[in-house]
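K.L.:
So the sequence lines, in the order shown, correspond to chains A and B. Take 1 as the starting number for the first sequence in this note's numbering and just add one per residue. Take 1 as the starting number for the second sequence in this note's numbering and just add one per residue.
Don't read these hints as lab results, they were simulated from the structure. Hints are supplied without guarantee of correctness; some may be wrong.
Residues on chain B that point at chain A, a partial pick, calculated with CB under 8 Å [what the hints assert, rightly or not]:
#1 163
#2 165
#3 177
#4 209
#5 311
#6 315
#7 317
#8 319
#9 320
#10 324
#11 325
#12 327
#13 328
#14 331
#15 332
SDA-like mimics (lysine to any residue), calculated; alpha carbons at most 20 Å apart, straight line [claimed, not checked]:
#16 123/A <-> 89/A
#17 47/A <-> 318/B
#18 47/A <-> 317/B
#19 279/B <-> 189/B
#20 37/A <-> 333/B
#21 335/B <-> 36/A
#22 124/B <-> 103/B
#23 327/B <-> 70/A
#24 334/B <-> 30/A
#25 327/B <-> 88/A
#26 327/B <-> 28/A
#27 335/B <-> 108/A
#28 88/A <-> 309/B
#29 123/A <-> 102/B
#30 334/B <-> 108/A
Ranges between beta-carbon positions, derived for each pair [unchecked claim]:
#31 121/A <-> 254/B: 51 to 61 Å
#32 30/A <-> 281/B: 33 to 43 Å
#33 205/B <-> 92/A: 31 to 41 Å
#34 339/B <-> 67/A: 55 to 65 Å
Each residue gets a CB set at the ideal place from its N, CA and C atoms; glycine is no exception.
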Amino acid sequence: MRSNFSPDGARRAVLVLLMASAAWAHHSFEAEFDANKPVKLRGTVTKMDWINPHVWIHMDVKGPDGKVVSWNIEGGPPNALLRRGWTKNSLPEGTEIIVEGFQAKDGDTTANGRDITFPDGRKLFVGSSGQGSPDGKAEK
Amino acid sequence: MRFRSCWSFLASKGALAAVLVAALLMTVNASSQTAKRTAETAKKFVAPRTPWGDPDLQGWFSNLSEDGTPLERPDRFAGRRLEDIQGEELAALKRETQNRTIANFQGPLHAPEHWWQDDLNLVKGSQAWLIVDPPDGKIPPLTPQAKDRAATRAEAKRKSGRGPADSWEDRSLYDRCISRGLPGSMMPAIYGNSYQIVQAPGYVAIRYEMIHETRVIPLDNRPHIGSHIRSYMGDARGHWEGDTLVVETTNFRDESAYRGANAATLRLVDRFTRVAPDKVRWAVTVDDPETWTMPWTFAMPLTLDASQPVLEYGCHEGNLGLRNILKAARAEEKKAAEEAAKKQ
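With the rest of the complex left out, here is chain B:
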């Protein structure tokens, strides 16, 4: 009777029974989840610390293998997410990039790959494209102001009557051995992809092999310099957000403003996060409300590689190419003038 009563009680209290069973299941499930989380925590990389307690990002890095990765999502991947292109699909894509690059180098105007490529290994590239935000992988539309600005620049250039090589001043900052600017100094290219990150209390320094730049970034929350002081590499200020080094750079010169941005309003935000013993994730948010309708971000890994230290790239040492470009332009003008004279 007592048993029946008890059973009856439980039966009559079905809801309570369900709760008890659910609680039991939840306990089991929670235990399982806890175990899973513990395993994930064990697997999750914890960034090392400097002796003074900052996350340690230091080392020699390279991103050569990311060369050949398009900035924007190719149309063939429309509707796909970057993180979904993995495994064999990504490997096939990277083999395609490698083969295309080699084919380019083996054309009639071929360049021996070992002359120009320090280590062509694009098959190790880590992603299908670089833009991670917005999710469609595309650079957001230009603002009306940006379109007007570009049109004004083009018109001014047309009116000036200047050619592409009338003077050294008509050549790019790269041709002139001045700077690849930001983020250009860390964008992968066919060579010169070595970087060094060095830290000290209150500072982080980043060395870029090409072209011979070092950014010294203070971490003490000091304000930016006055807006009238501009430089090719801008004015950088850093701080830590968790384990991520966040570097905000402003004060660019017009000539070095990324992708035709308004130098006065362009703000680049680098984020460096050590995500594995041999990897730092580098992300850059490009923010200029005068140029793009919304900020956008690209990212790629930097791979620790002690075998690729930054070598000195004293670009002005013998930049005979610039002189030869101007000589070539003068020769072509002379030839055109002679041909025009013959026709008269």
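Next comes chain A alone, as it looks inside the complex:
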């Protein structure tokens, strides 16, 4: 498994990050996640919880020391994702992904997911309409 904990997150941590909107989610971002702790995680999906009010993607991430750490990534609401073409099978177990997001304030291996990309650079539903979904079908 070619997973690692990217130093890119640390570089980005020096950025002064501002809260762009407090209304992204059903609950407040700033109450749960730390805008000063951006993370970039590369690993494999172990499970996707297709649950309300937000989906959770669980992934194994291998650190520089070779130790595998489990991360929990909060995603969008399943209803909203479904309307954008996701399904509960969009990220099957074993899928290798790169997640950029922000870590939980308590330092737990929990993060709010923002961008998801695949190792070949394809983005998962990020960008203009019409980009490919993970199973290769055009986004509706």
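Following the hints, put chain B in place on chain A, whose structure we already have.
P.N.:
Relative to chain A, chain B alone:
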């Protein structure tokens, strides 16, 4: 002579002539107006009827495109009427709203728009602001009682020493997956803007995707329940006024009273009118003499959209966010305590 007499007669009776000419013109004008009215009547939408004769409001609706519309009239439109902001001016305003929303999502803490927005299309928004009465588009001033009540609440909270996340009970009803209340359940948000209206003889039911609510509204003029029985969504009673469904809701709980209103005196009146084959106008009059100096009303269209059915939003299914918010607050307290200890 006879002719002259006749002409003379008419000339001498100028007033009568004027009347005759006026009558002729009025007849022509009336005919024109009748034709215009006929054309307007032909164009005017007539709401369909249910098999039992009520106006038919049924269907799947969305108001996602109204998200981003301010409740009150922005100061830049001072002196302007809502109905005057149309055409290219409105289109430009909505493009501005759309661009501002996208810019917010593309900041350093950006959220991929497709994660959080099911269909960002604010350019289709229909109006510049929501309040239609009073005409200045502003929420009327608070009453002295309301100011006192707010001050008392703030003081009680200060004295309690409670923080924003000491317990789940300190979080909003929305954070807690309980309810968005009224009118919150139908206020446009970044997702979850689907609604269904279903009718049966004597009842109308309204389903709200977020958060998982259904109001069953009786139309049989039964009285409200006792004032000591309160609920987050209140107690609704409906009736028809012409083609408009009027729903009066009272009996709110303190925690769900809209904008800090007095739950015991708050009365919300929804009005649903099918104004086009694909539109229902939704207006809400907020009436609480204990809170505002006069009732006020906001309105927006709900758009029929069979492609956006209400999907189940079982909010309690995995509300891990609430747990994580409390964990985050405990972690911050610990960090603050450690830093304070270091300074000593």
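K.L.:
Are the hints correct? Go through all of them and say.
P.N.:
Hints, one by one, checked against the model:
no., hint, in the structure
1, 163, "violated (11 Å)"
2, 165, "holds (6 Å)"
3, 177, "holds (7 Å)"
4, 209, "holds (7 Å)"
5, 311, "holds (4 Å)"
6, 315, "holds (5 Å)"
7, 317, "holds (4 Å)"
8, 319, "holds (6 Å)"
9, 320, "holds (7 Å)"
10, 324, "holds (5 Å)"
11, 325, "holds (4 Å)"
12, 327, "holds (5 Å)"
13, 328, "holds (4 Å)"
14, 331, "holds (3 Å)"
15, 332, "holds (6 Å)"
16, 123/A <-> 89/A, "holds (16 Å)"
17, 47/A <-> 318/B, "holds (15 Å)"
18, 47/A <-> 317/B, "holds (17 Å)"
19, 279/B <-> 189/B, "holds (19 Å)"
20, 37/A <-> 333/B, "holds (18 Å)"
21, 335/B <-> 36/A, "holds (15 Å)"
22, 124/B <-> 103/B, "holds (18 Å)"
23, 327/B <-> 70/A, "holds (18 Å)"
24, 334/B <-> 30/A, "holds (17 Å)"
25, 327/B <-> 88/A, "violated (28 Å)"
26, 327/B <-> 28/A, "holds (14 Å)"
27, 335/B <-> 108/A, "holds (14 Å)"
28, 88/A <-> 309/B, "holds (19 Å)"
29, 123/A <-> 102/B, "holds (18 Å)"
30, 334/B <-> 108/A, "holds (14 Å)"
31, 121/A <-> 254/B: 51 to 61 Å, "holds (53 Å)"
32, 30/A <-> 281/B: 33 to 43 Å, "holds (37 Å)"
33, 205/B <-> 92/A: 31 to 41 Å, "holds (39 Å)"
34, 339/B <-> 67/A: 55 to 65 Å, "violated (29 Å)"
The structure is inconsistent with the numbered hints 1, 25 and 34, although it conforms to all the rest.
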